[in-house]
Amino acid sequence: MPPVNIDETFTTTTDPSDLWHPVSPKLVTARRIVLLFTLVPLALFVIVLAWVLELPVTIAAIVLGVDAIAFIWAWWLIGRRVRSYAYCERGEDLLVSSGILFRRLVIVPYGRMQLVDVKAGPIDRTLGITTVQLHTAAATTDAAIPGLEPQVAADLRDRLARRGESRSAGL
Amino acid sequence: MSEIPAARPEPVETEPVETGPADPSAIGDDLGLGLAVPGSRLIDSQGHRKVHPISPLVHAVAVFPALAGVSIAAGIQRVSSVGEQLTGFPILDALPPIAAAILAIAVLAALLAVIVAGFQYLEWRAFSFWFDDDGDFRVQSGVLIKQQRRVQVSRIQTVDVTQPFAARLFSMAAVVIEVAGQDDSRVRLKYVTLADAREIRREVLARSAGLSSDTSEAPQNIVTHVPARQLALSLLLRVSTAGLLLITIAIIAVSYLTEGWGGIGVALVTGGVPLIIVLSEFVRYYGFTVAESPDGVRLRYGLFRTESRTVPPGRVQAIDYVEPLLWRRAGWARVRVTIAGVGTESSNSNNQRSETLLLPVATVDQATDVVARILPNLDTSSFVWIAAPARARRRSPIQWRNLAVGWDEHSFAIRRGRITRHLAVVPHARTQSVRWTQGPWERALRLASMHVDVTPGPVSVSGLHLDADVTRTIAFHQADAARLGRQTDHSIRWAQS
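These protein sequences, in sequence, are chains Z and B.
Heads up, the first sequence is in the numbering used here, so the first residue is 261 and it goes up one at a time.
Heads up, the second sequence is in the numbering used here, so the first residue is 38 and it goes up one at a time.
Certain hints may be false.
Just the calculated beta-carbon pair ranges, DEER-fashion [what the hints assert, rightly or not]:
| # | chain 1 | residue 1 | chain 2 | residue 2 | range |
| --- | --- | --- | --- | --- | --- |
| 1 | Z | Ala404 | B | Ile456 | 30 to 38 Å |
| 2 | B | Asn258 | Z | Phe362 | 31 to 39 Å |
| 3 | Z | Arg419 | B | Ala481 | 34 to 42 Å |
Output of the computed footprint for chain B on chain Z, the stretches with three or more beta carbons under 8 Å from beta carbons of chain B [unchecked claim]:
| # | region |
| --- | --- |
| 4 | 300-308 |
| 5 | 398-412 |
Worth flagging that the hints you see were computed from the coordinates, not collected in a lab.
All C-beta atoms, glycine included, are put in the ideal place defined by N, C-alpha and C.
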């Protein structure tokens, strides 16, 4: 996906020339696979439990119904959440924004970055996406950019490391 | 959005503070209880320095109070029943059971002390420290597993001189050097004479401040002293303590009126636990004295175990004024600080609390005075404050009136809390990153929160439930202010600036 100009959320505070980069739609697939791995076994567990304990059908149906609604809602939400991820490399800092229900925007100055992680789990590797995570001396800095193409991630990491080096400050 | 006045009055002229010990050099020394030990500056064959040769003995003596404590906890009753079983020894039979038990415990303690002394002697032989050619501090230790640790002096956060009770008997002290880092990054030199401890502290602090190593010890002036009465009263008036004591009184009153004494067991817990906490904190912070020296602010406290901490000004990341409800009439506050790498170890929560404490209790003027010596540019009266809008009431019905963020050209601050009020301040130069967050409820009310991330510690700088658009603007401005602050900040090697 090409970078977009101006995110509607941040028109008031960022320069119009700042480019917000979205993350790869493959992240949707990755997250939906994780969702399948959690909610489908749960449904199977409920069915087996109801069968073994001879629970009334209504109770099992209610639990399964809730499970199904949660599944559909989460399925839909994942799409929106992934679309909400965006990052922007400004002159002196990196912006990461994300979230639908709980929205957040993290501003990490290049000079404050202690290290940059690039990581990918098994599902991510199969789909060909990676996560770039920034660390500062503060544990609460929560700046992870998931769902990047490996080449994009490696380039981003190198750029960030270079900028961090030239601007690094003590604690 | 409305302007609200600064939480604190401007720093008034320092009125003559009530100082405890008259002698300014009384910080971190002079607490030996008599047995002064000669000999110091032992050097081994490689030219490395050693801790004092009687250190194993000090470790051994520390066994006695510990064992006595265990015995008391086990209960006199059980101890004497042990005494009754100690038959067969002619001497023990002649004594009453309780005396026999005490004698047996004493013998046990002596044995244990000898074993401890033996192990500590081996440790002592393996332990040495020195400054290497790069000027960094090195410690070598370990009997079976040799370990050499190199401490970069520019990363040293604090240097403490502590005196456990056993060490005080010999006029000895331990030097604890704290480095920024996770896990157990501190270096402990146990034990050296007080004179040596001061000497080591002087040298380490001089080097870490970027001065030459033979700079003479910094002079110090007592800034403030917490009287025992104020300390005791403040501990009793803490919200949690006072609450539990009130519950206790209520339980006892109800029990008395209804003559149903079933609740007394609960009353023992609700009354006993806070009293024990108050007592232990009182003993810990007794005689809290703050002194100023060019090395930084020196804190000394403790009734039995004394500690002397030096907080270098350039190492403080953030501070937090805490005002519990019942302290407000007296105008008191507690001050906590975040220092990189200090108080983040998960080992001992009690230690954590004392290591991040700047003042256990003080009047606002005293607190402002002490903080001004650590963050000289901080002046909360010059802050521009932006308060939470009235609609924040629907998000935080109790604390919304006190929610605000403020800033000036040097620092950023937040206010929160109603029952226990907080004022947290972080210099722009210490800002790590800035976050803007919005939960669903905040979003419905067009509110948002912003957080300034600082190194791990007790201070959290979160401006909660403010107007969403304004907060986002402030967050971006804070990122810019932080960058400017970093460029103009030279406090890492504070003595050179």
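Status of each hint after checking the structure:
1. Z/Ala404 to B/Ile456: 30 to 38 Å: Hint holds: Cβ distance 35 Å, inside 30 to 38 Å.
2. B/Asn258 to Z/Phe362: 31 to 39 Å: Taking Cβ atoms as reference, B/Asn258 and Z/Phe362 lie about 50 Å apart, which means the hint is violated.
3. Z/Arg419 to B/Ala481: 34 to 42 Å: At 38 Å between Cβs, range holds.
4. 300-308: Since 0 is below three, the answer is violated.
5. 398-412: Per the Cβ count (6), the hint holds.
Going through the hint list in order, the structure does not satisfy hints 2, 4.
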